[in-house]
Amino acid sequence: MGINFRNRDIITIDDFSRQELEYLIQKAQEMKKLEKSGQRYQLNKTLEGKKLASLFYENSTRTRTSFETAMHELGGTTFGFAGPEGTSLMKKENILATVMMYWANHADAAVMRHSKDGSVQWAADVLGIPVINGGDGKNEHPTQALLDLVTIDELVPGIDGLNIGFGGDLAHGRTIRSNALALSKFNNITIHWAAADELAMPEDLIDTLKKERGVKVKRYDSVEDVFRNSNIYYMTRPQKERIKGLNEAQINDILEKYKIDMHKILSNPNIKILHPMPVDSSTAEIDITVFFSGNQYFIAQAENGVFLRKALLYEILNETDHILFNSSIDEKVAAANDKDYITKSDDPNKKSDINEKPYVGKIDYGVVIDHLEDGITAEIEAKLQFSKRGYRVTSVLHEPSTKTGKLKDFLKIKDKLLTPREIKEIAMISPNATFNIIKDRDVVEKFKYNLCKNENCITRVVNEDVPPKFDKIGKDLRCHYCRKPYEKLCQIIQNLKNS
Amino acid sequence: MGINFRNRDIITIDDFSRQELEYLIQKAQEMKKLEKSGQRYQLNKTLEGKKLASLFYENSTRTRTSFETAMHELGGTTFGFAGPEGTSLMKKENILATVMMYWANHADAAVMRHSKDGSVQWAADVLGIPVINGGDGKNEHPTQALLDLVTIDELVPGIDGLNIGFGGDLAHGRTIRSNALALSKFNNITIHWAAADELAMPEDLIDTLKKERGVKVKRYDSVEDVFRNSNIYYMTRPQKERIKGLNEAQINDILEKYKIDMHKILSNPNIKILHPMPVDSSTAEIDITVFFSGNQYFIAQAENGVFLRKALLYEILNETDHILFNSSIDEKVAAANDKDYITKSDDPNKKSDINEKPYVGKIDYGVVIDHLEDGITAEIEAKLQFSKRGYRVTSVLHEPSTKTGKLKDFLKIKDKLLTPREIKEIAMISPNATFNIIKDRDVVEKFKYNLCKNENCITRVVNEDVPPKFDKIGKDLRCHYCRKPYEKLCQIIQNLKNS
Amino acid sequence: MGINFRNRDIITIDDFSRQELEYLIQKAQEMKKLEKSGQRYQLNKTLEGKKLASLFYENSTRTRTSFETAMHELGGTTFGFAGPEGTSLMKKENILATVMMYWANHADAAVMRHSKDGSVQWAADVLGIPVINGGDGKNEHPTQALLDLVTIDELVPGIDGLNIGFGGDLAHGRTIRSNALALSKFNNITIHWAAADELAMPEDLIDTLKKERGVKVKRYDSVEDVFRNSNIYYMTRPQKERIKGLNEAQINDILEKYKIDMHKILSNPNIKILHPMPVDSSTAEIDITVFFSGNQYFIAQAENGVFLRKALLYEILNETDHILFNSSIDEKVAAANDKDYITKSDDPNKKSDINEKPYVGKIDYGVVIDHLEDGITAEIEAKLQFSKRGYRVTSVLHEPSTKTGKLKDFLKIKDKLLTPREIKEIAMISPNATFNIIKDRDVVEKFKYNLCKNENCITRVVNEDVPPKFDKIGKDLRCHYCRKPYEKLCQIIQNLKNS
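Protein chains in written order, with the working numbering: chain A, 1 to 499; chain B, 1 to 499; chain C, 1 to 499.
Accuracy of the hints is not assured; some may be wrong.
Same chains, same names: a pair is fine if it fits in one copy or spans any two.
To be verified - List of simulated lysine-lysine pairs, DSSO-like, C-alpha gap at most 27 Å:
#1 LYS257 x LYS92
#2 LYS36 x LYS218
#3 LYS218 x LYS484
#4 LYS138 x LYS475
Calculated from the structure, these hints are not laboratory results.
So here's chain A without its partners, still in its complex pose:
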C-alpha cells in the first residue's frame, strides 16, 4: 500500500489521505478485535523500552490516559506532566527548552496539548522525535477525529454517504474542525446541524467544507430536525472557558433548546449519539437518562480512543531505533520569513531619505520606525521603555503622510539594535510599522514584520520567541504553525506598497 507512519509527526488531520485514514481505521479495529478476543497484551513486546513523553499543558484525562494505556499495552512507558500544575511548574520555561528536556530524557516520541494554536507544530519542528498533536488551542485534535472515524465506521455500513448531525458548541471546539475535515476526505458527506448563533459553525469552516471539499452542510432550527436527517449525532460540550462575553448561566440558557434528552430522541429512535467527552455535568448537554439508553455510543467511543492510539503508536514506533538526542537545534527551526523586505525598487526615493527628515537629527547607528499608527508611540514606550532604559529616542507625532495625508507617528532610536523580540512587540502594537535599520548613517535594511493575524497563534506569545514563518500551500500563504491563511495581510502590505 505504501502507507508508512514510522517516525511521522501527527499534527493535523488534513495531512492524511483517505487511504491513510482507512488504513488507520482498520488497524484500530484490529486492535479492538485483539482486546475483545482476550488478547489485550499480545503485542506487549512491541514497544519495550520505548518511552512516550506526555506533555499536557492543558487539562486532559481521556486523551492522556488513553495514550498511557496504549503505550502500556504495547509494552512501552509514558512520562511527562499534566494539567495546569504542569504549566505552573514550567510557566517560565519556554516550549522549546521544555520539549528538548524530554528528548534529553530519552523520549522516543511525544504527545502534546497546549492552549495556543500551532504550538505542537513548533514542538515538532524543534524535536527530532515524532510528535503527536493532543490538541492545540482552538485549532486541531487529530487523534480525536481519527477515533471518531473508527467509531462512525463501526456504526454505519460505510462512511461514504454519511448523514451526520453536529450539535452543542460548534464555534469553539477543535474537535468539530478536525472531525469535519476528516469526514471531508470521504464521499458524499452531509453535515446537518443546529446550534445557537453564538455557538454556530464557523463560516470559514463551512466555506472550506462546501467550496473546497464538496461536503454538504445544512443548518436546521431544531435538534429534532437534525435527528430526523441523520444516522449519527455528534454532540459537543460548551467550551465555557473559550466563550467570551457570556457567563455560565447565559451559556446554559442558550444551550437549553439544544440539549439532548430522551424526548428529543423520540424524533429518531435509531439515532446514535456520539460525544468526545467530557459531558459538562452542570450544563448536562446530554441528559443522564441518555447515558443509560441504547442510543448512547459515546462511552464505546472512549474505549475506541485506546484502540486508535494503540494502532497509531504501533505504526509510528514499531521496529524503529531510538533516535539519539541531539542537543543542538537544527537551524532550519529558527529560519523564518518574518521580514518583508522593502527594496529600493519598491520605493526608489525613500530609502536614503528616512534618515534625513529635516526636523530630526541624523543618526550614525540605530533604527527609524515609520508608518506607525497615529498616537501609538506612547504605547510603544510604555511597553518597551526605550527612553527609560536610557536610549536616545526622538518621536515625531501626528506626522501627515505625504501620500495619503493620514496622520502617522515616527520613531528614531539612536545606538540601538532592536532584538527580534522587540521587533515583534512593536509589530503587535502597530502592524504596519516599517523598520529602517541605520548603520554608518545609511539605511542598510528596511522591512515590515510579517506577523500571523491569528491572535491565538503561538507566534504571538512573546516569551516563546517562535519566529513567524509562512508556507506556500497551494496558492495560499499560510502560517507554518497554526495554518491560518495569511493572504489578507499580504494584501494589506501590497496595498501599502502601492499607496
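Following the hints, position chains B and C against chain A.
Structure of chains B and C alone, referenced to chain A:
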C-alpha cells in the same frame, strides 16, 4: 473455609463476617512474613498485566501510595488521579462518566476516595469491575479498619476481650466509625474514650455499638484514665476541614487537654499508641517525643497498610480474567425507589381535585406541586427559573391547609414535564412537596420524592444525577449509597398521609 | 581505589574528595558512552525491584525527571510526589512522618527537594535508606554540581587550571554555591564574574573560596570582560521568588546589562555557555538566538544530568540488599545539643537565687525565664498564651540588670513544664532567654537554648520539631543540618557568661 473475595467490592467494613476479617488479617500477616524474610517480590507474577485505577478525588498520600506499592509488589500497575488537582481536572464530569472512562482504559479494579458519603457505592454500581472504598466522605474507610485490625492483632494476644482507648476527633473522622464497626465483630470489646464535647463519639454510633453489637463504650474525663484502662490507644487527628463553627486556634485549644505526650504516657507506660496518620503537625495531637518512644506503633501500622492492601488485592484479583469493558450501563444502576406514590386509596378524595382548585385555571398538561412549605415558592423560582424560562406558572401563596390550618404554598406549571433533576431540586428545597403530574386534564401520577436525609450523601449532589435508592436492611430502610437509615422520613411521610 | 558509594547519603558536594569527584565524572561519561553507542538499556537488570522515592516539596522538572529516567534505564522505578500540590497534600504532616512513610512503602533510596536549608540532612538522619539531596533551600544542590563537572570536563582538556565565568543571579541560587565548592576541589581554578550588586556572589562564599580553598575570584564590570577571560560561562536565572524587595520589572532592569546574547558573545566567539536551566523566558537572561548557536552547551548539560544520576544511582544501589523498614526511629536522631547548660561554676551565686526574688512568690514547680529582652514578655504571651491557657504567670517588666543596668523582662510560670517546642518558640522570640527549671522549690536545670542563626534553617520551622544540633567541623561549630557556622552565637553566649 468458603471465603472468597474474587472480584468483590469492598465498600463497608460492616459487610464482613468475623471469619472474613480473621482470614484477611491472617493473609496480611503472611504478606508481612514474606517481606520480613526478604521475599518482597516473591508474588510479583501474580497480578502481571492487572491494572488498578486509583481514583482519589480527595487528598491522600498514605492510602494511595500503599495501594500503589501493593500492586507493584504483586506485579501489577496503577493509574488514575490524585488530590484536588484531580478533581479540578474533572470537576465538570460526573462520577459515572469518569469511572467508566477508567474501565474503558482497561482497569481491572478501582480504589476510590471522594468527599461525599456513598459515592464509592455509586461507582461500584456503575462499574463491572471490583471497587474498593478508599474513604467516602464522613462515612467509611474499610481498608484502614482492616489494617488497624492487623496491627491490633500483632500487639495483643487476641482481639477478643480487647480494651482499646479512642482519642482525638471522634466526631468527624470515618476511621473511628469503620474501626469501631470492625471491632464489634469480635467478642467482649470495650472502648474507653475521652474527648471534648465538640469532638465526642457520635450518639448513633455509640447506640449501634452498645445496643446492637454488645460493645461496651465508656467515657472518661481524662486521657490518663483511658490509658489506665486500655492496652492500645487509638489517636486521631482533628478533621479541621470538617469541623464547622470553630477556627484552627479554637480547635487546638479544645484539643490541648487531649493531646498525647510522654507525661500522659506515664499513667500507663505499656500503652501502645496507634494513629491512622497523618498527625497534624500544627496541632501536634501526638507530641514529637512520642514518635521516638517505644510506645509508638503508628509507623509500623503504616507499613501494615501495605501488607493488608497487598493481601486484599491478591484475594480480589488473583487468577481472575480481565473483565472486558462494557460500554452500556446496566439498567439496574438507574433503577431507583425515589418516588413514594400516593394512590387513590391513600387519599381517595384529593386525587382528582388537585387540578380543580377554584382559584387556578385548570391545565391540560403539566404539573401541580402542593404541600410546599409556606413562602418557599420564590426560592423554587429563584433556583429553577420556570417563569424566566418561559413556562406559565401559577403560584398560590400562604394557602391554609384544609386539615391542619397551616399555611402552605402551591405551584402549577403548564406544559412542563419536570426532569428528574428538577424534581430532586424542588424536593431539596421543600422536602414535603407533593408532585401531581397532569396529562389530559387528569392527575396520572402523584408522589412525594424520597431523598436521603444525610446532607453529605452523594444523592444530594445535583450534578451527579444519582437517583435515590433505599434498601431494606433488617427492619430498616437505608440509603443504598451512604447506608444512613431512612425511617425518620418515612415516618414523616406516614404522618403526613395520616394527617 | 577504595571509593565506595554504596548506600551513602549525598547531601553536600563538600563531602566529596577530588578523587571521588573524578570517579563519578568518569562513571557518568561511561554511561554516556553506553547511550551514544546504542546501549541505552544494557544495565536494565541492575536495579530491578529497586524503588527510588522522589520527594519534591518544591517544583522541579529537570532534576526529578532525570532521576526518573536514570532509574528506568537501570531497571528500577520511582514513586513519590512533585511540586507545590505535593506540599499542599502534606502540609500538615511533618517531614519526619512523611519520609518514614515512603520507607514504609519500601523505597530503597530517596531523592528530596525542600525549601528549607538542612531539611534533606534531617530526612537522611531519620531514614535508614540512602538519601540524595535534590536541592535544599538556598543551601546545596550537589547532583547539579556533579553534572556541571561532567559537562565542564567534556568541554575543556582538564578541570585543573579552569577559567570559568559566572553570571546571572549569584546571590540566591544554590547551584552557584555547590558548583563553586565542587570546582574548589581542583587546582588553579579562577572564577571570573560580573553581576549587579543585588545579585552578587555572597561574601562568605568568596571568603571560603579564596581563603580556605585557594580559588581565585575576580569581579568585572561587564559580561564581555568575563567572556574574554573565560573558556566556559556559567549563567544562572534570577531566583525571583527569593529576591526580596524587588519586583519582577526591577529585577529584569537590573539584569538587562548582564543578559547573554550573540552580540556579547562576539567578545569571545569560542565561549561555551552553560546554564542549569530553566532559563526564565520572561527575563530571557539568555537570548533565544543563543539557543540555536554553537556556543550553546546547556542542553547537552541537561542530558548529562541523566548520565550523572544514572551513574550515581548505580554506585549507591547496585548489588545492595533491600534495607528492611524499621518503624522505630533511631534515638540518635532525636539527640540534640540544643541546650547550653549553665552550671553553678558559671555563676555560683545566682543558681539558688532565681526562685527567691523578693517581689515574686516562690514556686514549688515550674519555670523561671530571665534575660528576656526588655518588653518582650507580651510577645511571648501573645504567641504561647500561657495565661490564656490557665497557667499562673508572673511577669516582671523592665527589671534593671544588676550587672549591666540594662532593662530586661523576667517570667515565672507556675506548675508548667515547657515542651521542647515552647522552649524553641521562646528562644526564637528572645534568643538570650535563660531557662530555669524549678522542681521542689529548687533550680534543677538552667540553660540557654542554642538555635541556628540561619533564618531559613529547618530547625527554625516550629512544626517540624527538628532539634537543633551542632557539629564540630575543624575548629568551627556548625549547624548539623544547614552547615552554617555557629561560632557567632557561641561568642555571644560566652560574652554573656562573662558579663
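Consistency of the hints with the structure:
1. LYS257 x LYS92: For LYS257 and LYS92, only the inter-copy Cα distance (20 Å) is at most 27 Å; the intra-copy one is 43 Å.
2. LYS36 x LYS218: Classified as neither: same-chain Cα gap 38 Å, cross-chain 57 Å, threshold 27 Å.
3. LYS218 x LYS484: within (24 Å within a copy, 53 Å between copies)
4. LYS138 x LYS475: within (24 Å within a copy, 57 Å between copies)
Checked against the numbered hints above, the structure violates only hint 2.
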